[in-house]
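S.K.: Protein chains in written order, with the numbering used here: chain R, 1064 to 1201; chain X, 1064 to 1201; chain Y, 1064 to 1201; chain A, 1064 to 1201.
The set of hints was computed from the structure by calculation and includes no laboratory data. Every value quoted in this text rests on a predicted model; they were computed, and no experiment measured them. No residue lacks a Cβ here, since even glycine has one placed at the ideal position from N, Cα and C. Please note that a few of the clues may not be correct.
Beta-carbon label-pair distances, calculated as ranges [stated by the list, open to error]:
| no. | chain 1 | residue 1 | chain 2 | residue 2 | range |
| --- | --- | --- | --- | --- | --- |
| 1 | R | A1139 | A | E1168 | 23 to 29 Å |
| 2 | A | E1168 | R | L1078 | 28 to 34 Å |
| 3 | R | R1074 | Y | N1072 | 40 to 46 Å |
| 4 | X | Q1076 | Y | E1083 | 54 to 60 Å |
| 5 | X | N1189 | R | G1188 | 41 to 47 Å |
| 6 | X | G1188 | A | R1174 | 41 to 47 Å |
| 7 | X | L1116 | R | E1093 | 16 to 22 Å |
| 8 | A | G1161 | X | R1162 | 48 to 54 Å |
There are 4 protein chains.
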Amino acid sequence: MDDANERMNKRLQQLAASAETTFWGFLGCEFVSMQDNIITIALEAKTHHLNPLGIVHGGVLSSLLDNAMGIVVMMARPEDKVVTTNLNVHFVAPLYEGRLLVTAELVHQSRKMITTQGRVVDREGNLGTMGTGTFRVI
Amino acid sequence: MDDANERMNKRLQQLAASAETTFWGFLGCEFVSMQDNIITIALEAKTHHLNPLGIVHGGVLSSLLDNAMGIVVMMARPEDKVVTTNLNVHFVAPLYEGRLLVTAELVHQSRKMITTQGRVVDREGNLGTMGTGTFRVI
Amino acid sequence: MDDANERMNKRLQQLAASAETTFWGFLGCEFVSMQDNIITIALEAKTHHLNPLGIVHGGVLSSLLDNAMGIVVMMARPEDKVVTTNLNVHFVAPLYEGRLLVTAELVHQSRKMITTQGRVVDREGNLGTMGTGTFRVI
Amino acid sequence: MDDANERMNKRLQQLAASAETTFWGFLGCEFVSMQDNIITIALEAKTHHLNPLGIVHGGVLSSLLDNAMGIVVMMARPEDKVVTTNLNVHFVAPLYEGRLLVTAELVHQSRKMITTQGRVVDREGNLGTMGTGTFRVI
Chain R
1064 MDDANERMNK
1074 RLQQLAASAE
1084 TTFWGFLGCE
1094 FVSMQDNIIT
1104 IALEAKTHHL
1114 NPLGIVHGGV
1124 LSSLLDNAMG
1134 IVVMMARPED
1144 KVVTTNLNVH
1154 FVAPLYEGRL
1164 LVTAELVHQS
1174 RKMITTQGRV
1184 VDREGNLGTM
1194 GTGTFRVI
Chain X
1064 MDDANERMNK
1074 RLQQLAASAE
1084 TTFWGFLGCE
1094 FVSMQDNIIT
1104 IALEAKTHHL
1114 NPLGIVHGGV
1124 LSSLLDNAMG
1134 IVVMMARPED
1144 KVVTTNLNVH
1154 FVAPLYEGRL
1164 LVTAELVHQS
1174 RKMITTQGRV
1184 VDREGNLGTM
1194 GTGTFRVI
Chain Y
1064 MDDANERMNK
1074 RLQQLAASAE
1084 TTFWGFLGCE
1094 FVSMQDNIIT
1104 IALEAKTHHL
1114 NPLGIVHGGV
1124 LSSLLDNAMG
1134 IVVMMARPED
1144 KVVTTNLNVH
1154 FVAPLYEGRL
1164 LVTAELVHQS
1174 RKMITTQGRV
1184 VDREGNLGTM
1194 GTGTFRVI
Chain A
1064 MDDANERMNK
1074 RLQQLAASAE
1084 TTFWGFLGCE
1094 FVSMQDNIIT
1104 IALEAKTHHL
1114 NPLGIVHGGV
1124 LSSLLDNAMG
1134 IVVMMARPED
1144 KVVTTNLNVH
1154 FVAPLYEGRL
1164 LVTAELVHQS
1174 RKMITTQGRV
1184 VDREGNLGTM
1194 GTGTFRVI
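Next up, chain R with everything else stripped away, as it sits in the complex (with noise of 0.2 Å):
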């Protein structure tokens, strides 16, 4: 890792501190790096992350992408204010508790879009969700 990538990682370490207090410490999102303008984070997916079936609830993954497109999402415009306007997430096998992680990166922008793309697998690197984003500058 060079030293402006090791800078932008220890930036990211300190987004994620300042986040403990909103949705993403609440639910326990752990950031991993940014390398080649993937981002990953992690979960550790206990039992209250999981529905009535004993699978990880699709609300939580859908949080987990919202969360990782949007770190790709403030990389991509250090400057701006963006807001989700579109999720769309497709969960094709189910997750259990245990260790996840979550990649992302982004797909296009423009002037006032950024559109992301990004998945969730499981310690084996088994897919278990993927999903697009887009945002905008508002």
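Dock chains X, Y and A against the given chain R, drawing on the hints supplied.
M.R.: Below, chains X, Y and A alone, put in the same frame as chain R:
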């Protein structure tokens, strides 16, 4: 409210109670009513439901929709095990701390697929989020 | 139908006529009516609108929704130039050759974003497709 | 291109030829190639593919994605009858008359569901549209 309706609402209250240890309870969802096949749930949005901009987190809103839609699906298919396969959410206006009401209803069901739609409004009835979800009988 | 409504419907007939050389006309769309803010258009689905399975092609149905939603948006924002930014379509049941009716209506509008929803039904009113679309003022 | 790949491409050329009387042919789609599990198709966008703003119609772009994704699905499940259940499209930048290239690939498949993603670019490779699609084995 007639007797059948009242029994249904009691059953839903019980279901909600048993979901207290799942993500439903962790988030803080309350079952409100089922009337004319429209499910209503509520959330008292607090600081820990917000994102760093001070508005309700997109993941919270997606979770609320998934929860309300999930009840619609359970009512439509009480004997089946059903999972969310797709959730599409439009965030049309920011929502803030305070009471949020979430409604959801059935759009269509076939043997294996159920499609639903839902909305999140604030106390004054202003629409903040709307979405659609597809569920699959497994 | 009152006078204002009649004038509006005439204007929409003219708009549809001027769209004959665009994809609207190529596909075979007809403007049917606008009443209580619900736009209705129609398509006589023929062999060339089908996919190899003999059912109406998903792209045709997506196009119909985009067209009907586009009229909703034009009516809501007659002075603005507006483009589709997101289209999400649920194909809930197959549709076949014959007359298809497509309705669309406004869900929400802010200064820069307009959100709509729509449905495609067959002659008997059976729901085949439903979708939501987001449009942006440029 | 090795022998197996060449045979596959020939088979896809034949499939495309047999689809000439369906919406695939009516729209003007051409099969280009399948390489490393990425399907590429093309469309020569003409006046009748545009919307009244003079840009390629959202329905055309949705149709192109559905077509390219449909081939991905046919290759993944040659023995099965499969239908599109959900199509989600982000229109990130306008596309104009001229040659459009559409790529699609598999994201995930389970016994009954197949999830795909795709992109539409112009001659210079500029991204105009991206989307995801879910298909169901019937």
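S.K.: With reference to the structure, classify each hint as holding or not holding.
M.R.: Hint-by-hint comparison with the structure:
no. : hint                           : verdict
1   : R:A1139 to A:E1168: 23 to 29 Å : holds, 24 Å
2   : A:E1168 to R:L1078: 28 to 34 Å : holds, 33 Å
3   : R:R1074 to Y:N1072: 40 to 46 Å : violated, 57 Å
4   : X:Q1076 to Y:E1083: 54 to 60 Å : holds, 57 Å
5   : X:N1189 to R:G1188: 41 to 47 Å : holds, 42 Å
6   : X:G1188 to A:R1174: 41 to 47 Å : holds, 43 Å
7   : X:L1116 to R:E1093: 16 to 22 Å : holds, 21 Å
8   : A:G1161 to X:R1162: 48 to 54 Å : holds, 53 Å
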